[in-house]
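Chains as they are written, first to last, in the UniProt record's numbering: chain P, 1 to 286; chain A, 1 to 338.
To be clear, the hints were calculated from the coordinates, so they are not data collected in a lab.
Note that the Cβ used here is the ideal one computed from N, Cα and C, for glycine as well.
One thing to keep in mind: the hints can contain errors.
[What the hints assert, rightly or not] Once the Cα atoms are required to be at most 20 Å apart in a straight line, the calculated EDC-like pairs of lysine to aspartate or glutamate come out as:
| # | chain 1 | residue 1 | chain 2 | residue 2 |
| --- | --- | --- | --- | --- |
| 1 | A | K121 | P | E11 |
| 2 | A | K207 | A | D234 |
| 3 | A | K237 | A | D203 |
| 4 | A | K94 | A | D208 |
| 5 | P | K71 | P | E57 |
| 6 | A | K233 | A | E176 |
| 7 | A | K223 | A | D234 |
| 8 | P | K274 | A | D203 |
| 9 | A | K223 | A | E211 |
| 10 | P | K189 | P | E178 |
| 11 | P | K9 | A | E214 |
| 12 | A | K207 | P | E178 |
| 13 | A | K121 | A | D203 |
| 14 | A | K233 | A | E216 |
| 15 | A | K119 | P | E49 |
[As the list claims (entries may be wrong)] Label-pair restraints from in silico Cβ distances:
| # | chain 1 | residue 1 | chain 2 | residue 2 | range |
| --- | --- | --- | --- | --- | --- |
| 16 | A | Q160 | P | I33 | 37 to 47 Å |
| 17 | P | L147 | A | P175 | 34 to 44 Å |
| 18 | P | S32 | A | I205 | 20 to 30 Å |
| 19 | A | K94 | P | A179 | 53 to 63 Å |
| 20 | P | A179 | A | K119 | 44 to 54 Å |
| 21 | P | L83 | A | K121 | 34 to 44 Å |
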Amino acid sequence: MQAKFKMNKREWIAQLRLTPGYLVLLFWLVFSIVLIGWIILASLSTTKEVFSNNLLESGFHFDNYIRVMEKHNLGVYFMNSALYSVSACIGTVLIGAPAAYVLSRFQFKGRKLLNNTFVLLMSVPVVMLILPLFKMAAQFSLTGSQLLLIILYICLNVPFSIFFLSGFFSSLPTALEEAAEIDGCSPAKAFWRIMFPLAQPGIVALCIINFINVWNEYFMALIFANQTSMRTVSIGLQVIVQSMRYSGDWAGMFAGVVVVFLPTFILFIFLSNKIMGNMTGGALKE
Amino acid sequence: MESEAFPSYIPVRRKEITMRHKGRNLFMISFLAPAVLCFLFIFLYPTARTLLMSLFYVEFVTDDMKSWTFIGLDNFETLFGSALFLRSMTNILKIWLIGGAVILVISTLLAVIITSGVKFKNFWRSLIYLPHIISVVALVTMWTQYAFNNQYGLFKTVFQSLGLSSLAAFQWTAPENLFLSMMIAYAYGSIGFYVLILAAGIDGISKDYYEAAEIEGANQIAKFFRITMPLLKDIFKRCIVLYSAGAMGFFAYSTLFSFSTELATVTPLVYMYDSVFGRASGNVTTPLNVGAGAAVGVMIMIMVVLVNLLLDRLMPNDVDINPNKKSLARRSRNAGQV
């Protein structure tokens with residue numbers, strides 16, 4: 001009993017010594033809550049309340065959301081971003097996973113060269129790619145089509161996906177493939193039936209990272225999504241912010257901000273513990 | 001894509017070894033082909049074409065190669081003769097050196113705090129990482145339309161209630177303060193990423209070193225400078241490499257923090273966007289010149305490579321392949337003698 005008390009006391013002293021650290025963390029917490037919380041409250045108030053700093057005085061105004069989604073096309077942008085993000089997730093996995101599998105588990109000529117190339121590609125600045133890509137898009141008359149951004153978002157994320165998944169595939173045991181081969185299963189079938197499902201944790205983490213990246217992507221969207229019908233939420237929000245300055249609908253603008261950050265925010269809150277470890281693995285990108 | 005990934009295989013009979021070999025090659029080719037095609041068409045060809053383009057005069061992005069005029073290094077000369085481009089280079093230097101130093105120091109501090117034994121470590125780590133997963137446009141809108149606002153803004157309200165009227169009157173979005181405001185918002189959004197990497201690095205350091213140092217009576221500061229810093233060298237280097245790449249491609253914050261005075265926040269990438277696609281926003285005009293835009297791209301790539309070479313010079317990787325054995329033991333011995 002006494003020993004336990006002693007332990008507690010020692011622990012208390014140790015924790016007490018960390019007070020300055022706690023204060024710094026607490027400061028960050030309070031700031032983040034105020035910053036994001038105020039935006040959420042403002043998105044439910046009227047513009048007049050925003051300016052007089054009396055948020056929610058007249059109750060909740062969900063019509064801000066309806067207005068920004070319908071009148072300012074945020075609904076269209078939202079669906080576009082969802083389409084790009086989901087198809088980029090699926091596409092990169094379908095292209096990246098087989099390549100990562102072969103590169104991490106088979107010996108062949110040029111393997112090292114290919115591996116190094118993919119790592120190198122991750123560090124090529126996008127600015128080196130966009131001018132010719134713009135020309136190619138015009139050549140294949142993809143300008144103004146959602147397919148263009150789908151293709152770009154898939155392909156641009158392939159090198160990172162290969163790099164990321166290679167680690168997962170090389171950690172799996174070889175016994176299963178050998179067994180499959182003896183049973184007459186083709187290597188391709190063995191991959192899709194056995195290895196692919198086994199790498200699921202890595203694939204799920206990769207999908208979440210890719211989803212967040214594509215949802216938030218700004219530069220490519222600014223250059224290639226030059227029409228309302230193909231804009232992403234980021235570009236759409238920028239347009240809304242610029243127009244709100246003239247239309248004066250600030251509450252609607254804050255509702256737009258909430259709509260744009262909520263999907264990745266929720267994804268992160270529910271899955272952060274699952275993906276945090278993998279995020280560091282992905283530190284080589286960015 | 002899917003049809004390529006699922007080649008219709010006839011089950012291979014074990015006797016036919018050559019056939020099996022062929023099947024294996026076919027399998028590998030079909031698995032690698034989509035990725036290699038993507039590499040050739042989306043990465044290699046565009047990079048080569050941009051390199052070439054930087055040596056030509058090109059009027060419109062969609063122009064055929066036939067209509068390009070070779071002008072050698074004139075595009076680079078144009079860049080260095082442009083006041084706007086030079087301003088963008090000094091801005092990027094400030095972002096890289098000053099911004100980088102401040103952001104990495106704060107990140108290190110937070111990483112040390114998180115790994116110092118505080119309760120709810122995962123929660124704090126996620127909290128600090130959170131801004132990094134929010135869309136930059138949404139984040140910047142929060143900052144410019146709320147935190148920095150001069151009527152109902154967060155900073156104004158807080159400083160006012162504290163009685164600091166001069167700070168409350170600070171015009172965050174005035175042209176002369178725009179750069180500072182931009183860097184504060186950028187730091188808030190990006191620190192979590194480096195904290196994550198650094199905290200993982202600190203977690204990887206064996207606790208024995210710290211315990212030994214504690215027995216010898218080392219305090220927190222000594223432990224940090226004698227153990228954490230030297231052992232985290234490679235991770236610091238990686239953070240600097242990542243930060244540099246991000247700084248060289250600085251664009252989103254820069255465009256979003258331009259209301260009327262781009263000079264304060266202009267970066268090479270913004271200059272490039274302007275000279276290829278016309279104005280990004282605001283009122284600074286650059287003559288349309290796609291070749292010069294390509295030259296900016298080449299400059300950015302060269303800068304990234306130079307930074308990496310410089311870092312390799314200043315912070316060479318440990319030659320010792322297994323650092324856990326000798327060099328660490330030596331360092332920890334030094335650490336013990338505080």
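Cross-check of the supplied hints:
1. A:K121 with P:E11: Holds - the C-alpha atoms of E11 (chain P) and K121 (chain A) are around 16 Å apart, at most 20 Å.
2. A:K207 with A:D234: 19 Å, holds
3. A:K237 with A:D203: 17 Å, holds
4. A:K94 with A:D208: Not satisfied, since the Cα-Cα distance of roughly 40 Å exceeds 20 Å.
5. P:K71 with P:E57: Violated, because 25 Å separates the two Cα atoms, which is more than 20 Å.
6. A:K233 with A:E176: 37 Å, violated
7. A:K223 with A:D234: 18 Å, holds
8. P:K274 with A:D203: Given pair K274 (chain P), D203 (chain A) holds - Cα atoms ~18 Å apart, limit 20 Å.
9. A:K223 with A:E211: Status holds; Cα separation ~10 Å.
10. P:K189 with P:E178: Since the Cα atoms of K189 (chain P) and E178 (chain P) sit roughly 13 Å apart, the hinted pair holds (cutoff 20 Å).
11. P:K9 with A:E214: It holds: about 19 Å lies between the C-alpha atoms, which stays within 20 Å.
12. A:K207 with P:E178: 41 Å, violated
13. A:K121 with A:D203: Between K121 (chain A) and D203 (chain A) the Cα gap is close to 12 Å, so the pair holds against 20 Å.
14. A:K233 with A:E216: 24 Å, violated
15. A:K119 with P:E49: Distance ~39 Å between K119 (chain A) and E49 (chain P) Cα, so the pair is violated.
16. A:Q160 with P:I33: 37 to 47 Å: 20 Å, violated
17. P:L147 with A:P175: 34 to 44 Å: 41 Å, holds
18. P:S32 with A:I205: 20 to 30 Å: 28 Å, holds
19. A:K94 with P:A179: 53 to 63 Å: 60 Å, holds
20. P:A179 with A:K119: 44 to 54 Å: Cβ of A179 (chain P) to Cβ of K119 (chain A): about 47 Å, so the range 44 to 54 Å holds.
21. P:L83 with A:K121: 34 to 44 Å: 37 Å, holds
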